[in-house]
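**Student:** Please construct the entire structure, taking both the sequences and the accompanying hints into account.
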Amino acid sequence: MNSEINFEHRQAAHCENGVVSNLLRFYGVELSEPMVFGIGSGLFFSHMPFLKVDGIPVTSFRPLPGIIFSRIAKRLHIHFARKKYRRSPKKAMEELDKNLAKGIPTGMLVGVYHLSYFPEPYRFHFNAHNIIVYGEENSTYKISDPIMENVSELSYKELMRVRYAKGVFAPKGHMYWVDKAPGAIDLKAAIQKGITQTCKHMLTIPVPLFGVKGIRYMSKQVRNYPRKLGPRKAALFTGQIVRAQEEIGTGGAGFRYMYAAFLQEAAKVTDNDKLRELSFNMTAIGDMWREFATITGRIIKNRNKGDENYDRAADMLLKIAGEEEKFYQKLLKSIQ
Amino acid sequence: MKAKEVPQDDADMMRGKWKDPIYTLDEDGNYTTSYSLGWEVKNAVMQQAWDNINEKVEETKRKVINGKLSPVAYYMEKNIMDVSLLAKYMGLWRWTVKKHLKPKHFNKLPQEIIEQYADIFNIAPELLTSIEALKTTENDKE
Numbered sequence: 435m436n437s438e439i440n441f442e443h444r445q446a447a448h449c450e451n452g453v454v455s456n457l458l459r460f461y462g463v464e465l466s467e468p469m470v471f472g473i474g475s476g477l478f479f480s481h482m483p484f485l486k487v488d489g490i491p492v493t494s495f496r497p498l499p500g501i502i503f504s505r506i507a508k509r510l511h512i513h514f515a516r517k518k519y520r521r522s523p524k525k526a527m528e529e530l531d532k533n534l535a536k537g538i539p540t541g542m543l544v545g546v547y548h549l550s551y552f553p554e555p556y557r558f559h560f561n562a563h564n565i566i567v568y569g570e571e572n573s574t575y576k577i578s579d580p581i582m583e584n585v586s587e588l589s590y591k592e593l594m595r596v597r598y599a600k601g602v603f604a605p606k607g608h609m610y611w612v613d614k615a616p617g618a619i620d621l622k623a624a625i626q627k628g629i630t631q632t633c634k635h636m637l638t639i640p641v642p643l644f645g646v647k648g649i650r651y652m653s654k655q656v657r658n659y660p661r662k663l664g665p666r667k668a669a670l671f672t673g674q675i676v677r678a679q680e681e682i683g684t685g686g687a688g689f690r691y692m693y694a695a696f697l698q699e700a701a702k703v704t705d706n707d708k709l710r711e712l713s714f715n716m717t718a719i720g721d722m723w724r725e726f727a728t729i730t731g732r733i734i735k736n737r738n739k740g741d742e743n744y745d746r747a748a749d750m751l752l753k754i755a756g757e758e759e760k761f762y763q764k765l766l767k768s769i770q
Numbered sequence: 408m409k410a411k412e413v414p415q416d417d418a419d420m421m422r423g424k425w426k427d428p429i430y431t432l433d434e435d436g437n438y439t440t441s442y443s444l445g446w447e448v449k450n451a452v453m454q455q456a457w458d459n460i461n462e463k464v465e466e467t468k469r470k471v472i473n474g475k476l477s478p479v480a481y482y483m484e485k486n487i488m489d490v491s492l493l494a495k496y497m498g499l500w501r502w503t504v505k506k507h508l509k510p511k512h513f514n515k516l517p518q519e520i521i522e523q524y525a526d527i528f529n530i531a532p533e534l535l536t537s538i539e540a541l542k543t544t545e546n547d548k549e
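As you go down the protein sequences, you meet chains A and B in turn.
Going by our numbering, the first sequence opens with residue 435, and the numbers climb by one from there.
Going by our numbering, the second sequence opens with residue 408, and the numbers climb by one from there.
Keep in mind the hints are simulated off the structure, nothing from the lab.
Please read these numbers as outputs of a predicted model, since none were measured by experiment.
Even glycine gets a Cβ: it sits at the ideal position worked out from N, Cα and C.
Treat the hints with caution; some may be incorrect.
[Stated by the list, open to error] Derived, one-sided and incomplete: chain A residues facing chain B with beta-carbon distance under 10 Å: (1) 533; (2) 556; (3) 584.
[Said to hold, decoys possible] A few chain B positions that, by computed beta-carbon distances, are all more than 12 Å from chain A: (4) 452; (5) 467; (6) 476; (7) 519; (8) 520; (9) 534; (10) 536; (11) 537; (12) 544.
**Tutor:** Written as structure tokens, this is what we have:
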């Protein structure tokens, strides 16, 4: 069976935003990537030393995968259907074919490691990647992967493999699509909710691993790395923070620039000039995160020398935490 | 970051499949999307992660050639897996996979298990059982 849906692919900096934005456009709702990111409260921070991947602590600049998606659905009153096929990969593929035959572009979660069209240096066992399938021809599937500049293709076997990748966040054939074409959307209210939640989560979660407190905590950890871990491991741990910040799906400087772009757009929609002013603050904070990354770059180059760059990196993080704290307080006030 | 400051340090990490979109400020202070071929610092941390993986792969390869570990151990490291992830792909208990990392047990494995491992590692079953082949393979990942 052959089917191809007339689907417009646009590249995004982050897969979850990109998939939501591209799917909504298909149903006539034009929302930019930053807008999806802001309304879905995609800006976050967490540092969890006890949770390790490959023996390295996890740092994240985003909430758990799937959260932006469900918040957008709730705040814009868009109804998505979601299905998982835990035990039956064949059924998961049949259901996809049925959707395509009905002309429904279908989003799904996949593992990155076996994505044949992905560049090798990016292929790790990360399982919460989002793509849209928009057609099938002779058992070759047409893929809109929002990270890629152009559309891609996967064979039946390849697609089944990535849909059933194993490990953390195993997708288990999870797929989703817009169930009912969305009606009128109250963008202003959604923006208000998105901003409020971001500020609250960054300021008030009473556990020191999250938000601004988490950044301060990480600063303390980084300062102690060389003494606690020795030069090699210390460089690896610090490098991992920057990978989380700059690698795929972050849009640079840990999402701060994307959030600044959101604030500028939100200023226009809500007629609130304060948001535009604050967007410049957020840009400056993004620049500081990049400075932190630059210091880390020096650490990696001199990894065999015990050096004072760890103190510099830790100081930078403290400065960032201070600036971000002030920022979210001002932002919360500006929309009240 | 300003649009004109976007770094273009190309280390071919994206293999020409995309350029990184970055939200930047234009001359009038409005946000626009710029595209980056790469950033020195980002390239360095990615390379660091791969160096770390490649070192482990090489070390494991030596152990396989010296008869201390089975080829499953080598291909597991090469596919950036650990015992727990490989066990999930195989649908086996962790301790079973651990056993298969020892040459003594590996040599007694039935053909169907060998084939299942080979499928997961995306290689031919003959390659999985050939230690000779290992001696001549270069580690070709970034």
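**Student:** Each of the hints needs a verdict: does it hold here or not?
**Tutor:** To see whether the hints hold, each was checked on the structure:
1. 533: Not OK, violated: residue 533/A not within 10 Å of chain B, min 27 Å.
2. 556: Where the cut-off is 10 Å and the nearest Cβ of chain B is about 7 Å from residue 556/A, the hint holds.
3. 584: Holds, because the Cβ-Cβ distance from residue 584/A to chain B comes to roughly 8 Å (cut-off 10 Å).
4. 452: violated (4 Å)
5. 467: For residue 467/B, whose nearest Cβ neighbour in chain A is about 14 Å away, the distance exceeds 12 Å, so it holds.
6. 476: holds (19 Å)
7. 519: Since the minimum Cβ distance to chain A is about 19 Å, residue 519/B lies beyond 12 Å and the statement holds.
8. 520: holds (17 Å)
9. 534: holds (18 Å)
10. 536: holds (23 Å)
11. 537: holds (24 Å)
12. 544: holds (16 Å)
Taken one by one, the earlier hints fail for this structure at numbers 1 and 4, listed in ascending order.
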